[in-house]
Amino acid sequence: MDPEYISGLLDKVRAEKPLVHHITNYVTVNDCANITICAGASPVMAHHPDDAEEMAAVAGALVLNIGTLSPELVDAMLIAGKRANEAGVPVILDPVGAGATKIRTESTFKILKEVEISVIKGNAGEISVIAGTGGVVRGVDSGGSAGEPLEAARACSDLTGAAVFMTGQDDILTDGRRSYLVSNGHPMMGSLSGTGCMAASLCGSFAAAGDELLLSSLAAAVIFGISGEIAGSSCKGPYSFRNELFDTLFRIKRETIERYADFRMI
Amino acid sequence: MDPEYISGLLDKVRAEKPLVHHITNYVTVNDCANITICAGASPVMAHHPDDAEEMAAVAGALVLNIGTLSPELVDAMLIAGKRANEAGVPVILDPVGAGATKIRTESTFKILKEVEISVIKGNAGEISVIAGTGGVVRGVDSGGSAGEPLEAARACSDLTGAAVFMTGQDDILTDGRRSYLVSNGHPMMGSLSGTGCMAASLCGSFAAAGDELLLSSLAAAVIFGISGEIAGSSCKGPYSFRNELFDTLFRIKRETIERYADFRMI
Amino acid sequence: MDPEYISGLLDKVRAEKPLVHHITNYVTVNDCANITICAGASPVMAHHPDDAEEMAAVAGALVLNIGTLSPELVDAMLIAGKRANEAGVPVILDPVGAGATKIRTESTFKILKEVEISVIKGNAGEISVIAGTGGVVRGVDSGGSAGEPLEAARACSDLTGAAVFMTGQDDILTDGRRSYLVSNGHPMMGSLSGTGCMAASLCGSFAAAGDELLLSSLAAAVIFGISGEIAGSSCKGPYSFRNELFDTLFRIKRETIERYADFRMI
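Residue numbers (the numbering used here), protein chains in the order written: chain F, 2 to 267; chain X, 2 to 267; chain L, 2 to 267.
Heads up, a few of these hints could be off.
You can't tell identical chains apart in this list, so a pair holds if it fits in one copy or across any two.
What the hints assert, rightly or not - Calculated cross-link-like contacts (lysine-lysine; reagent style BS3-like; alpha-carbon spacing at most 25 angstroms):
id: 1; residue 1: Lys103; residue 2: Lys18
id: 2; residue 1: Lys18; residue 2: Lys237
id: 3; residue 1: Lys83; residue 2: Lys103
id: 4; residue 1: Lys13; residue 2: Lys254
id: 5; residue 1: Lys13; residue 2: Lys237
These are computed hints drawn from the structure, not numbers from a lab.
Could you put together the complete structure from these sequences and hints?
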């Protein structure tokens with residue numbers, strides 16, 4: 002894996018403009034749609050079961066995010082997820098707030114049981130809750146994992162069969178066998194609502210164009226992190242940061258990615 | 002029709018501040034509210050049947066957008082639409098994704114059957130699906146019309162009795178008898194989620210102040226297009242474009258409209 | 002009460018990062034989440050009854066906003082509100098559009114009857130409707146109160162037992178016994194959708210850290226107003242205003258607050 006792979010995958014997303022279907026929360030949904038466009042893909046949001054099932058079958062990827070869940074919405078996720086599985090469409094799960102309330106934890110496990118998830122993107126608390134290694138989640142923020150983050154990520158991958166993208170100061174990505182640490186990113190990403198959701202949208206965008214889910218998720222982490230670093234270097238607060246983040250990703254070039262990519266196998 | 006009519010209609014919106022009631026999607030709803038304010042009108046969003054019915058009766062216009070539809074939401078649209086019809090309130094329909102899934106197509110025709118729609122705002126694919134001339138819609142993006150766009154727009158107007166505003170590189174507006182081509186606009190409008198929805202909100206804002214639905218929709222297309230051109234000339238990406246788009250529309254002056262308006266009868 | 006109290010309370014929010022649980026509308030929810038972060042608190046949105054009840058019990062404050070209400074959503078507000086009451090968590094109510102439609106007015110009174118509300122944040126029309134002094138509400142905008150605003154605010158507080166934060170060109174805050182007039186603010190706050198909702202989110206953020214609800218709401222009004230003034234002094238329209246508003250609040254310093262705070266007892 003080298004940075005050229007990552008920039009090549011971005012070129013592929015921009016050329017193919019894959020449809021990325023989201024069933025997501027109403028808090029950050031607009032930023033999810035726009036970050037998908039900035040990556041070169043085409044977002045669609047459809048949450049009613051009939052609509053979601055039909056969209057999932059023709060999408061390049063399906064992103065499930067439980068940030069503002071209800072049992073009906075989780076049912077729609079199950080229907081769309083199963084249809085995506087049948088159609089060979091990769092499914093990204095963002096288990097927002099798993100561990101914070103009973104319904105969020107149970108819904109996460111229900112989705113993981115009934116749908117074959119390709120990539121789980123979560124913070125250390127959420128991933129550790131899935132892994133059963135002891136995670137703390139307060140609202141939708143991570144309180145951290147009880148043990149070593151990499152061990153939790155690996156355990157989560159082992160249990161679910163999914164590639165795992167654990168966000169944090171450094172991101173950890175693993176498919177259980179191979180693991181990467183991504184040092185790209187900026188502290189301002191923690192001061193803007195929905196950067197985690199956006200990362201999942203990017204996982205979907207790149208999964209639709211890639212053929213290896215660990216590597217396409219790594220590409221998402223690196224490109225989003227670099228965009229964050231560039232945006233963070235000149236912003237005055239969360240909203241100027243957001244403007245720069247989206248605009249930077251939209252026009253990011255191969256040479257920028259290859260120059261700033263900062264990841265390694267661990 | 003001359004540019005002075007358009008700038009005069011904007012003055013009227015700003016003076017009257019008409020209430021524009023939306024039943025719309027949760028992806029772009031915030032931008033719809035704010036673009037309505039930028040035009041000088043007053044947005045309100047109310048989707049529960051009782052709330053929607055009461056709001057529709059006192060509004061200056063009603064905007065229906067099926068971007069994230071459900072059967073319950075479509076029912077609310079029917080109730081509010083019928084009440085708007087009774088009260089003489091113009092109804093704008095944005096058939097987002099008609100043609101992409103069965104429920105979106107069926108819901109569009111159901112609304113068109115039960116509610117008298119004043120203006121249909123859609124992309125070439127959506128308008129052609131309604132016209133029955135063969136349109137392609139992928140997610141919520143147009144894959145184009147099978148035949149000539151103007152013919153599809155005219156056929157859509159003939160079938161529905163509505164004025165039709167077909168968005169594209171050039172916009173086409175027609176009421177079946179008279180047709181206009183609007184060349185204002187900027188490619189960046191295609192790189193920001195929800196510009197189509199915003200155009201429908203502007204149709205509502207201007208319909209509430211105008212007395213001819215084709216001309217008020219033309220005013221919306223021209224003023225939005227000019228704002229896009231100005232914003233696009235200085236932006237770095239979708240979010241700086243959005244900032245400029247809204248701020249430009251908010252403070253646009255008569256002379257700017259009259260100088261840059263670029264439309265003709267076809 | 003002096004400005005040092007206000008800046009001290011902001012420091013406390015930033016140090017404690019209280020969880021502020023929202024059950025709110027889908028129009029302005031993203032700005033509500035981000036303004037909460039900009040104040041130093043941690044937002045969470047959860048609207049399903051089970052999720053909302055569990056979140057409310059562990060939150061530092063609960064914000065209820067009926068901007069896009071449905072009977073189901075109001076039921077969730079009642080459940081979460083009662084749980085918050087049991088747990089001693091302050092509850093902020095934003096009765097968006099009370100007086101504009103029957104369901105909004107009735108829902109407001111239902112919530113006030115079943116939940117002990119700590120702070121009511123509304124415009125003059127909404128507060129006067131609750132007070133029964135004769136208010137006018139058009140869509141979600143205030144048409145003003147029939148009588149003297151301060152009298153309406155006091156009557157609203159007397160009737161409900163809540164501290165009242167009435168927004169307007171000057172804000173009025175009262176707990177029935179003590180009353181304050183806040184002159185901070187900027188006209189651009191009226192040209193951006195959701196500034197009222199954001200004010201309620203800030204009331205929640207400060208209520209979670211303060212021990213007197215009138216004073217924590219006053220702190221919210223003053224800090225938000227100062228941020229608006231600074232943002233308004235350099236903006237070109239609603240979206241550059243929004244960017245500056247959020248960024249200014251995010252980095253506001255003690256000395257800025259103490260220098261610009263403009264309020265007095267009335």
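Evaluated hints:
{"no.": "1", "hint": "Lys103 <-> Lys18", "in the structure": "between (38 angstroms within a copy, 23 angstroms between copies)"}
{"no.": "2", "hint": "Lys18 <-> Lys237", "in the structure": "between (32 angstroms within a copy, 21 angstroms between copies)"}
{"no.": "3", "hint": "Lys83 <-> Lys103", "in the structure": "both (24 angstroms within a copy, 19 angstroms between copies)"}
{"no.": "4", "hint": "Lys13 <-> Lys254", "in the structure": "within (13 angstroms within a copy, 43 angstroms between copies)"}
{"no.": "5", "hint": "Lys13 <-> Lys237", "in the structure": "between (33 angstroms within a copy, 22 angstroms between copies)"}
Hint compliance for this structure: every hint is met.
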